[in-house]
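Chains as they are written, first to last, in my numbering: chain A, 1381 to 1707; chain B, 1381 to 1707; chain C, 1381 to 1707; chain D, 1381 to 1707; chain E, 1381 to 1707; chain F, 1381 to 1707.
Keep in mind the hints are simulated off the structure, nothing from the lab.
Accuracy of the hints is not assured; some may be wrong.
Claimed, not checked - Here are a few chain B residues that face chain C, going by a calculated C-beta distance under 8 angstroms:
| no. | residue |
| --- | --- |
| 1 | 1401 |
| 2 | 1410 |
| 3 | 1441 |
| 4 | 1451 |
Everything numeric in this text was worked out from a predicted model, so none of it was measured.
Just so you know, even glycine gets a beta-carbon here, dropped at the ideal spot from N, CA and C.
Number of protein chains: 6
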Amino acid sequence: MSDVVTFGEGMIRLAPPSNRRLEQTTTLEMTVGGAELNVASGVSRLGLTSSWVSSLPANPLGRRVRNRAREFGVDTSHVVWDEGGRMGIFFVEYGSSPRASSVLYDRAASSFCELRGATFDWPAIFAGARAYHTTGITTALGEPTAEQVAASLAAARGAGLVTSYDLNYRKKLWSPDKSRAIQEPLMALVDVLITTEEDAEVVFGISGTDYREVARKLADRFGFKVVTITIRGDLSVLHNTWTAIAYADGAIVDDRVYDLELVDRVGGGDAYAAGFLYGLLTGDVSRGVRYGNAFSALKQASWDDFNFTTLAEVEAQLGGAGSRIVR
Amino acid sequence: MSDVVTFGEGMIRLAPPSNRRLEQTTTLEMTVGGAELNVASGVSRLGLTSSWVSSLPANPLGRRVRNRAREFGVDTSHVVWDEGGRMGIFFVEYGSSPRASSVLYDRAASSFCELRGATFDWPAIFAGARAYHTTGITTALGEPTAEQVAASLAAARGAGLVTSYDLNYRKKLWSPDKSRAIQEPLMALVDVLITTEEDAEVVFGISGTDYREVARKLADRFGFKVVTITIRGDLSVLHNTWTAIAYADGAIVDDRVYDLELVDRVGGGDAYAAGFLYGLLTGDVSRGVRYGNAFSALKQASWDDFNFTTLAEVEAQLGGAGSRIVR
Amino acid sequence: MSDVVTFGEGMIRLAPPSNRRLEQTTTLEMTVGGAELNVASGVSRLGLTSSWVSSLPANPLGRRVRNRAREFGVDTSHVVWDEGGRMGIFFVEYGSSPRASSVLYDRAASSFCELRGATFDWPAIFAGARAYHTTGITTALGEPTAEQVAASLAAARGAGLVTSYDLNYRKKLWSPDKSRAIQEPLMALVDVLITTEEDAEVVFGISGTDYREVARKLADRFGFKVVTITIRGDLSVLHNTWTAIAYADGAIVDDRVYDLELVDRVGGGDAYAAGFLYGLLTGDVSRGVRYGNAFSALKQASWDDFNFTTLAEVEAQLGGAGSRIVR
Amino acid sequence: MSDVVTFGEGMIRLAPPSNRRLEQTTTLEMTVGGAELNVASGVSRLGLTSSWVSSLPANPLGRRVRNRAREFGVDTSHVVWDEGGRMGIFFVEYGSSPRASSVLYDRAASSFCELRGATFDWPAIFAGARAYHTTGITTALGEPTAEQVAASLAAARGAGLVTSYDLNYRKKLWSPDKSRAIQEPLMALVDVLITTEEDAEVVFGISGTDYREVARKLADRFGFKVVTITIRGDLSVLHNTWTAIAYADGAIVDDRVYDLELVDRVGGGDAYAAGFLYGLLTGDVSRGVRYGNAFSALKQASWDDFNFTTLAEVEAQLGGAGSRIVR
Amino acid sequence: MSDVVTFGEGMIRLAPPSNRRLEQTTTLEMTVGGAELNVASGVSRLGLTSSWVSSLPANPLGRRVRNRAREFGVDTSHVVWDEGGRMGIFFVEYGSSPRASSVLYDRAASSFCELRGATFDWPAIFAGARAYHTTGITTALGEPTAEQVAASLAAARGAGLVTSYDLNYRKKLWSPDKSRAIQEPLMALVDVLITTEEDAEVVFGISGTDYREVARKLADRFGFKVVTITIRGDLSVLHNTWTAIAYADGAIVDDRVYDLELVDRVGGGDAYAAGFLYGLLTGDVSRGVRYGNAFSALKQASWDDFNFTTLAEVEAQLGGAGSRIVR
Amino acid sequence: MSDVVTFGEGMIRLAPPSNRRLEQTTTLEMTVGGAELNVASGVSRLGLTSSWVSSLPANPLGRRVRNRAREFGVDTSHVVWDEGGRMGIFFVEYGSSPRASSVLYDRAASSFCELRGATFDWPAIFAGARAYHTTGITTALGEPTAEQVAASLAAARGAGLVTSYDLNYRKKLWSPDKSRAIQEPLMALVDVLITTEEDAEVVFGISGTDYREVARKLADRFGFKVVTITIRGDLSVLHNTWTAIAYADGAIVDDRVYDLELVDRVGGGDAYAAGFLYGLLTGDVSRGVRYGNAFSALKQASWDDFNFTTLAEVEAQLGGAGSRIVR
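The whole structure should be built from the sequences, with the hints applied where relevant.
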């Protein structure tokens, strides 16, 4: 009975403190992340209810991921527990110019990738829900997860949910060709496509003179109700700009550009997706873009995959909050 | 027998490390702050003697604040101890664009706010002193402290001290109307008014075409010997500019503008006040502005309410110190 | 629809790392505690469902306490939010012989103590629940909370719940006389009394030749269905023993004595209460005592008010787990 | 050209600080361990040369393990680098009574377990060496590593090295039956067997009235030149005793019993093996037992798998060093 | 105008966190210590006034030591500042059985050891004071400091102060022979000798059947008014006992034996000296022994050279405080 | 048999975390640095072999420096051990505008400065090597080290090595006049001079209209085969630019300018020297400049004197790597 359901891998996230290199650090900060889990947590943070579907190993690391989801109010009753499995892990290194930030994934053979013995009753999971969200990462992880993506999108469509899909191409997980071959058939089941201009070109070979044209071409080719494209300007490793546009009903929606003094850009796209879904479900596409951008910009000025930004803070940004200290 | 006496609340200051949110952090860095205590510590740091008058709870947190004052050489012999009282606390969150920094105060029912059983022998406290400093925060905290502000200013004036008052308007503590009603009668007892342009308008309804005009109008209305206005430019959350001007004897004194890569802006105004008083007491208004600006700029590039900047470092800035590493 | 409902204050808990003194430390570890919240979290940890009823300030600290409860699966939908209120805080110092550990409370004027504008629909809250637990701390905090304790116990009794009450005498909150005067009338509404021998004597003036006699006298005087007494042996500050006995249906139940290399004894009694309620609701009084003791002993060998011990670990203790490393 | 060669997996070791639970901690301390790597590092620490043979992923975690080995002077020129592989990880939780310490292994699919594309030229590796050491863990990890154990022992025997094998039974890696079936044939190639009484019974079904008899039976059955048995007394989780005996040439060698205030028992057995090999190669079996015990006892009073104890500290223990502070 | 004056070196104290080895740690905890400075801080902590005389380098480390002294209320106006000098440093490693704790000194060429250009006007320093304390460490550091010890003791005797001397033999600083040759002449100027049985034998060749006889022999030989001997029982590295006795006016004073779960024994003797002087100056020798023992026992259960124990805590120990948590 | 040999002091490096002042911090981060050791470690990091020649005290701090060198694969077999000596230490404070970063050296009386009893068999050390590097710091430390610089340069020239010398003027170690007097005679033995424009003027009085002219004049005056000048632009304390040029065979080589978001500029020049020597020995002067600049720029965006940058990362920069996150 959650408003939004998401499906994907939850992972332990380990990062050196400050700006230490992974090869150098003697301590790691431990938290939790994962694209679809981030979206579920963000949607809940903003005030809707959400449920996250996944598989976790039955050990302290698996419980920790479950706990973190619950901390944000995410329903975890559909998580499957895997005896003896392993937890996926990723390591984040924070850079500064000219050293870019980087992520090292260690998710091979994880409980989620293998989905051993996991069955998901999608119709039951979707009962009463309004939207479903997953990403190209889940599709890329292997056959077991790709099958569930197909089954879940079909079930969500059947149950009348808004289906949302973040293309999220990861070149270490699959080739552009394989990515296109597997994802193209799924696109007919997707209402809202979230992507970057680069991913649209790599995966579907779609490019254009500008973001607007790419969005329109995507919508035209696949029949998406909404295409929303996030746009990051890398002025330097620590100084970025951020905005997003959307194309829906034949028109473009755009928004202000945020200037970011980056703390942690990992999870920025997921925060946008969460804010966009929140705005869409509580208003319209334009509200989605504006809430998505503000929620993402504030997230990128904060540490962690999860976003501790409040709805009031988002709305203060939309109302023109400045840089002065708040007392 | 201190050169400068200040009166106000000392507080425990708790801040998440790095740029963590308060809702997110599992550790807090604990230090000590408070507008008038910051000024006393800064004056002592620069080489004059100072005394801080206050009330503290008789528990480890109260002793800690006392210890910190002593660490900076501040005389604490006039502090009143309150059995069973509570220590005021404030929490600082460091932001980065577009997320502003913020402060959460938890000073309700503190030993200082209530001043239970505290009596201050102001004439004895001021014996041998040259200047007295307090702020609008102390006046705002409630009747007990407002009464002492009035009594202390009168006593200081009577004892021939230079009286200094930082307007420091805090909207969570009182309304503009109440602030004006209570403070206007006190202004006749003040020699040096320290303020921002914004506070001057909010509290006294005084505005002008520029800082200079505001300063002159304040001096004209209340008869201050000196009005000094601090001027912060919020280029971004982490990049500010800083300067101050003063109006005295019918003339404006100004100074270079400092470019700040902010570490911790909390306490920046107090550092200016301390540097200004130091400069004023060891020279003149112009020296006050220059020492105040340098002391404040260096403080804002350092962590903590208290300012570990040395007089030699201040003077190196005044002499044109650059950005190169000092070996 | 939770199995167990609890009512009481949640607090931010701040503790110096290692064995630093509060007056000495420059960092604090921040977590969450509170007697009844600890019990709710423990019951949920062991596998039943639980709900915690309270009032929290609408600020980051209040949200943090709410998050922590949710992390443990505790239902927080009955928490009342207080705009502008303050969060109760307590500070823990860990000792070693001959320096005892200590706790400094800073809960004056907290949102929970004042319960401003809070109303609790007890019959609705108790719908479907099996047991209700609160403590003498909540009764001691002031009239607003004492009134709710009385109302809630009556409602729980009316709804057919098992009512559980931990005497938990705190001498800084009230005198023995006041404690007796206010609590004696409540005892008629209590099914399960949890106490120490010392508290039974201080509050009710009941003593005896041994624990067994005290338990029997308490049951006889007030008509409790169960009296359970926890027994701590303070061999040194860091080396304790722990056990508990119960009296029910005219008979005494006892259990093995645990040898504790203490990490953190704060919350040990609450862990016992949680384990006891779990055992009672899933079995009988004897199971309650055994699960309570094991859950408490393992908690005291771990840090934090909340208890990360799993049911499997409790049952391994009951099955005779030793001191060897588990690989 | 190292004195001692070892073969086995190196792992990243992650441990919560202080006594936090893994499910609870927000930071992890990162270091390096692995039975045979520990032995190589210990032998080098005491003054002989050593070489560690293994496979590591070509990423920052793999380089970190290599760096740590080099930090202790261990030759890593025979390490094979695996592009795209993953690093084995283990997590250590430190307990206190009644909560035992525990280790969670996450080594599935690691570069070492799979040994993809790794070939080892054992005769070249052993050129000039005096002893070779590996353990039952390496044999247990899978067919690729078990094959290398067999090949390496044969090559070492052929090259005239002393062969040393620590039985190190791990029940999560294999069953007693499988363990016996695979290891029994290897025993003919082993000169020095290191074991505990428990492992001797689990793996080979050999028990006796005391340690001495077990050692003699092992030597008789398999023809070992030396059998050395380590003996830990678990008085509590944090208070242990430690000693070891050896059987060689028909006689028993024993040593004093060490009283341990445990800091970190993980790696204690490996420290014994390193000290034993050092003592054996620079003296005889009796020297091996005494150096092994002292090196292990001092390691267990220190943190980390690797042992920062110096030879001088070992010899001070052998000379009767007491508990007084050393200035 | 302080009650107690002390003279000696202040040092930066660096210690690995937890129980890490110095060769192993990547962080150090930085604080301040030094025998005579510890005594001055302890005396002030208990409620008398104190002054510490020394020489410090004019750099951030020197200022830090000065700040720390001031934090405890110690008068530092007689400290001499040395341009270009270096700060003495010592490193502490905390052990556990069988690994003893250890201290590594790095004080060569420090500002205090060399006392370059430092002159001390002892009569002025002692004006109004009641007692003077220094130790054999200061005498051992070299000719410049030994000369000041002689001069200061003579001046203190001349000014009618109680002179106190802690023998504190350090074998790395000088030989027994040299120690005796230089210190014997000073003893005629000493009223209160503080020592251990071991040091009395090493330095003066005085031994006896028990502590009592040693104290009496010392008093007889040198004419001390009081001899007080501290007695530590090293049950293990982390478990000690502590007491002290005194001999004065022909009689022995003794006290209870404290059982210590050691946190940090460094500075334990200095805490005794501070408590003893406090007790002596506010009462008599017996009070000195009892306050000294309690102040020292509580210090050794706390971290740091300086002692954050309060007078109230000392008196609670004297009144029989137990191991229970203080709420 | 290392490719590159360096000679100089290794030091313990202590730095406050984040941006704390040294006078303020309660913890220090401990690592290892020293100009010539940094170069040896960098050369090894990039793939050549290196050896570092020095003297270290035989204590845990000395071993730690040795360990760190070994961790990077640097050969330490020519290090001389000094019983009873002291380790040089330096303290780093990280600034932000307008507060510059600073370094406080504490190397007086260190084992390396005094070189007590140290003899170096330079011909043996240089056997098989291709290049030798030292710096003006080593020459400045005193007569013992200056003599070894002269002897080693002569021996290196005699053995046919490329000799490299970084002028590295330190005004706290000697005057310009003394610096010139001692270093001028050495220049005839140097093939590669590394310097800044400022140092060239201070030491040799050589200036020019631009970097190119300075380089050419230096080469002309002293007959260097290569002069390479590093060029830092201090836009602010945290924002710098970096590049270097070289003059060789009558021609200038230059390279792109790097934009730096500084993490730690200490060691930036040494990283350039290491990268330059690597490029020179594996290619030519132009390759030296490009590898030096990239290796230095990436180092300055990382913490620590040692550079964890990999050869692959350097080559990615040379290939145009951008600011996007690497996944």
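List of violated hint numbers, smallest to largest: 4
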